[in-house]
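Chains S and E, in that order, give the protein sequences.
Just so you know, the numbering used here puts 92 at position 92 of the first sequence, and the rest follows in order with no gaps.
Just so you know, the numbering used here puts 1126 at position 126 of the second sequence, and the rest follows in order with no gaps.
Simulated from the structure, these hints should not be mistaken for laboratory data.
Model, not experiment: these values are computed from the prediction.
C-beta: ideal position from N, C-alpha, C; glycine also.
It cannot be assumed that every hint is accurate.
Claimed, not checked - If you only want the chain E side, here are some residues facing chain S, beta carbon under 8 Å, derived:
id, residue
1, I1072
2, V1079
3, S1085
4, M1104
5, T1108
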Amino acid sequence: MGKVAVVGIGHTKFGKRSDVTIRELAFEAIKEALEDSGLTPSDVGFAVVANYGGFSEDMCPAPYILEYAGLNPKGAMRVEAACASGSAAVHAAYWSVRSGLTDIALAIGVEKMFQVDTPTAVELLGRAGDVLWEFIPFGTTFPGYYALIATDHMNKYGTTEEQLAMVAVKNHKYGAMNPLAQLHREITVEEAINSRVIAWPLKLYDCCLISDGAAAVMLASEDKAKKITDTPVWIRGLGSATDTGYLGRRKDISTLQATVLASKQAYKMTGIEPKDVDVAEVHDCFTIAEIIAYEDLGFCKKGEGGKLIEEGQTYIGGKIPVNVDGGLKSKGHPIGASGVAMTAEIVKQLRGEAGKRQVPKAEVGLVHNVGAAGQFCYVTIYGREG
Amino acid sequence: MEQPTIKNTLNIDMEIPQTRIAKFWEGLKQGKLFATKCTKCGETYFPPTADCPRCYSSNMNWIELTGDAELITWTIVHVSPKSFSQHSPYIIAIAKLKEGPNVMAWFTGIKPEDIKAGMKLKLVPKYIPEKEKLSYEFIQSCNINFRDGVCRL
């Protein structure tokens, strides 16, 4: 048993896709991943479907997606880890190859959120929180959770609303350069700060989008990968961790402990340190989440995330370019698809195929995907070298 | 051009068992806040749990809380889920109880500009008989006027 590489990627346009069903949308990403790897459905040994669900008709989407994409009778599962479902699928596909049970595995992420109205989408997402003790009694929304985190971070470290807005400005800038992004519009700090309040202190431009989208990545064993492609992107390290669902049971609300633990595992497995990462996709469901991710992933000291964006260090050319595809904020956040789409972006960066958004000489990339308000975290480190 | 669609509706009603922490709900009705305390390791749980995740004991004692708490963080929710559309905006706070646990609840009877981290709060039971609603909420500790089973806020 050796290494595992990504040998094919697919990524649909994110946005409102009222023209397709969830099966048709997943098909687009699967087709692209098959074409990119030069493989056929019969080559795939195992498939993992990431989908949060509730917004769309299929309660049990995996078999219908597999059938629609001609992947029967291969083994499959659907995984769910809230907003980190996509990374959960990548990790499960990795295990299936790494264990030797199959040579080729496909991770598929898909979500169609626009089939319901916005209040219903807010309701379904809010139910990823503690339904019994937070959602049903108090209507705690996801902007609400991250607003609680933001208020605490601001009180403790002096992080400002301007710094939050700067994250949105950066991600909109890169989203405008990404043809697959939902929004193609640059914004200013002033515009972000003056946008309407969603959950104080978070405003509209601090929040990610409701999106439809799908992504797929093909993983292969070392032997197969070398035969399939000249540009395999190797999975070098993985880490995962969980934290309490009830936010009150956390010692420190201004940090996501699951990120700290998951990234430590991944760094340890690779021998890579945060300073060695050339490009990162971090979970910016809200601007505060990106600032906290800088800190919890070790890109800066705790409490200095606001300063890092203020100094422009997370732009291309800075210390550590982050979310240069637009992030969840501007590219979009189709829940189940996001972790797979982040993986596809890092693969593009490490292959040198990111065009105008290319981080020069990117050798090591990191994907950080959070489920709910830190209940789940998956960190995956990729390299051009194995 | 309007896209062709199939319209489909799903309504879900459910009943969630609360048998093992029934005393908590009875307590709220009587104007009391109960937490559970593990008889084996001494850990206090609020919201109450019937089992202790630390030592796996299911021998829990019920203890009455003072409600005394200190504010950690808060938000004002303007865009609410469908089921809360009648209520927004509302203030959600997390505060640390004197007895240990941090609790999330609404913070009522306060102007947003008067909220400060570290301020003293009181967690109080809330019972609205006509709606059969049982809950709890934070108020500023100096505002307390409560103890006879009915919330007077």
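Structure-based check of each hint:
For I1072/E, the interface hint holds, the least distance from its beta-carbon to any beta-carbon of chain S being 6 Å, beneath 8 Å. Annotation: V1079/E was flagged as interfacial toward chain S, and the flag holds, the nearest CB pair being 5 Å apart, inside 8 Å. The beta carbon of S1085/E is positioned within 8 Å of a beta carbon in chain S (closest approach about 6 Å), and the interface hint is therefore held. The interface hint given for M1104/E holds, since its Cβ lies 5 Å from the closest Cβ of chain S, which is under the 8 Å cut-off.
The restraint placing T1108/E at the interface with chain S is violated, with a minimum CB-CB distance near 11 Å, outside the 8 Å limit.
Checked against the numbered hints above, the structure breaks only hint 5 and satisfies the rest.
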